[in-house]
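Based on the provided sequences and hints, a complete structural model is requested.
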Amino acid sequence: MKDLIKKYFYGDYGDKENAGVDGSDGSKAPLDPPVPVRKGDGGWPLWEVFIRSKQGLDHKHVGSLHATDAQMAIENARDVYTRRQEGISIWVVESIYIHASNPADAASLYDPANDKVYRHPTFYELPDELKHM
Amino acid sequence: MPVLELEKNFQDKIDKDIRIEPKDWMPDKYRQTLIRQISQHAHSEIVGMLPEGNWISRAPTLKRKATLIAKVQDEAGHGLYLYSAAETLGISRDEMIEQLHSGKAKYSSIFNYPSLSWADMGAIGWLVDGAAIINQVPICRCSHGPYARAMARICKEESFHQRQGFEILLTLSKGSDEQKAMCQDAINRWWWPSVMMFGPGDDASPNSAQSMRWKIKRFSNDELRQRFVDMCAEQVKILCMTIPDPDLKWNETKQHYDFGAINWEEFKNVINGNGPCNKERMTARIKAHEDGAWVREAAIAYAKKSLTLKGALETT
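First to last, the sequence lines map onto chains A and B.
If you count by the numbering used here, then the first sequence holds residues 1078 to 1210, one letter each, in order.
If you count by the numbering used here, then the second sequence holds residues 164 to 479, one letter each, in order.
Check each hint, because a few of them may be wrong.
Claimed, not checked - Derived lysine-lysine pairs resembling DSS-like cross-links, with alpha carbons at most 27 Å apart: (1) B/LYS400 / B/LYS319; (2) A/LYS1137 / B/LYS319; (3) B/LYS319 / B/LYS228; (4) B/LYS319 / A/LYS1131; (5) B/LYS179 / A/LYS1137; (6) B/LYS228 / B/LYS343; (7) B/LYS192 / B/LYS176; (8) B/LYS176 / A/LYS1137; (9) A/LYS1193 / B/LYS176; (10) B/LYS226 / B/LYS319; (11) B/LYS378 / B/LYS186; (12) B/LYS186 / A/LYS1137; (13) B/LYS400 / B/LYS343.
To be verified - One-sided excerpt, in silico: chain A residues whose CB lies under 7 Å from chain B: (14) GLY1140; (15) SER1141; (16) ASP1146; (17) VAL1157; (18) PRO1180.
Calculated directly from the structure, the hints in this document are not laboratory data.
Note that CB positions come from ideal geometry on N, CA and C, so glycine has one too.
Structure follows, in structure tokens:
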């Protein structure tokens, strides 16, 4: 199957040809996908870490770390980011799978919202006697 | 948009205290200065584990051993927060480690001094972490978002380090004559190197002016150093110990402590690789990295093997 659309990921430094590390035994298994790494990470992918500090709150981004797989990433995240009971839930995502908007486009990306002031409750003038609204 | 306009918008953001985040446009020099500062800060945390790691096996009690281990673990985590922040600027971990090992990147001069007695653990916690806190708190409001957030996380943990150190000295200062002497000796050896941690005087500091304009640096070296001296001059009284500076005296007019001249020759020597422990620190770091290579390689091999197995299972 031909790749007709090339997808660019956040954190993609254009080193697709450098992705993957030579296996120590030199053999290449047929179903062996390249480990998605950037050059210079020593063969270990970069992961972004999100922590939920308390039941009821969202997961918040706290930082990043290198790990070879999800289990190691979660364990390392626990060791570094939850030493003082700062978290009850950890999400880890490989950095290359985070897609981000371009800040330079902020003006045009968010522009449609700028003149829709009727989305704000304060736009609507109602009598003071009206309660609970 | 032409570069001049980009630079103007960038400086506007800085002046308005709007944080710069990873994908925002920034001048090359800003990026390079931050990469240098953040990576060297990270290296300092990692190398800083060495003088204290030295005493883990010889801590006097189990409680002291546990708290010292926790502190050293924290330093590793601090290094990670900072390496992560630096990586958002486009440099890789391998590159930064290479710069440290080759001597191209520096780390804080203070860690080139040896830890000769248990009391050094107290002196390091009180003086070195104390100086670090004074340096780091202003950076929590620096213009670079990731660096500022890393600093906020670090500062929360740093105060345990300083209190742990002071408590060690306080215990020694109430002990036997030998313990009191050991306490004073450690303070005598760590005082001046800690004062030097704030860097050269303002007129001899080449990078300061531009760093202030870009709000990477919020206070001058001399200002921060004065804060440190004022703070420690009071705290040392509680230990019933002295600071090894005959010129240390309260100045009623200035409402600050006057203090003696700093030996900048020593500072220059230590920064340039001729301090007491520079070679030892680098040898230890390089050895740790090389000795750990098999672990990194094994982890990669295991991950690849798991992926292959997973792929094979999914096709059956």
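Structure-based check of each hint:
1. B/LYS400 / B/LYS319: Satisfied, since the Cα-Cα distance of roughly 26 Å is no more than 27 Å.
2. A/LYS1137 / B/LYS319: Holds - the C-alpha atoms of B/LYS319 and A/LYS1137 are around 17 Å apart, at most 27 Å.
3. B/LYS319 / B/LYS228: Status holds; Cα separation ~22 Å.
4. B/LYS319 / A/LYS1131: holds, 18 Å
5. B/LYS179 / A/LYS1137: The given pair, whose Cα atoms are some 26 Å apart, holds under the 27 Å limit.
6. B/LYS228 / B/LYS343: Answer holds: B/LYS228 to B/LYS343 is near 21 Å, not above 27 Å.
7. B/LYS192 / B/LYS176: Given pair B/LYS192, B/LYS176 holds - Cα atoms ~16 Å apart, limit 27 Å.
8. B/LYS176 / A/LYS1137: holds, 25 Å
9. A/LYS1193 / B/LYS176: holds, 26 Å
10. B/LYS226 / B/LYS319: Roughly 22 Å between the alpha carbons, so the hint for B/LYS226 and B/LYS319 holds.
11. B/LYS378 / B/LYS186: Within the cut-off at roughly 18 Å; holds.
12. B/LYS186 / A/LYS1137: Roughly 19 Å separates the two Cα atoms, so the pair holds.
13. B/LYS400 / B/LYS343: Distance ~14 Å between B/LYS400 and B/LYS343 Cα, so the pair holds.
14. GLY1140: It holds, given that the least Cβ distance between A/GLY1140 and chain B is near 5 Å, below 7 Å.
15. SER1141: This interface hint holds because 4 Å falls under the 7 Å limit.
16. ASP1146: With Cβ-Cβ at 5 Å, under 7 Å, it holds.
17. VAL1157: With a closest approach of 5 Å, the A/VAL1157 hint holds.
18. PRO1180: Since the shortest Cβ distance to chain B is 5 Å, the answer is holds.
Hint violations for this structure: none, all hints satisfied.
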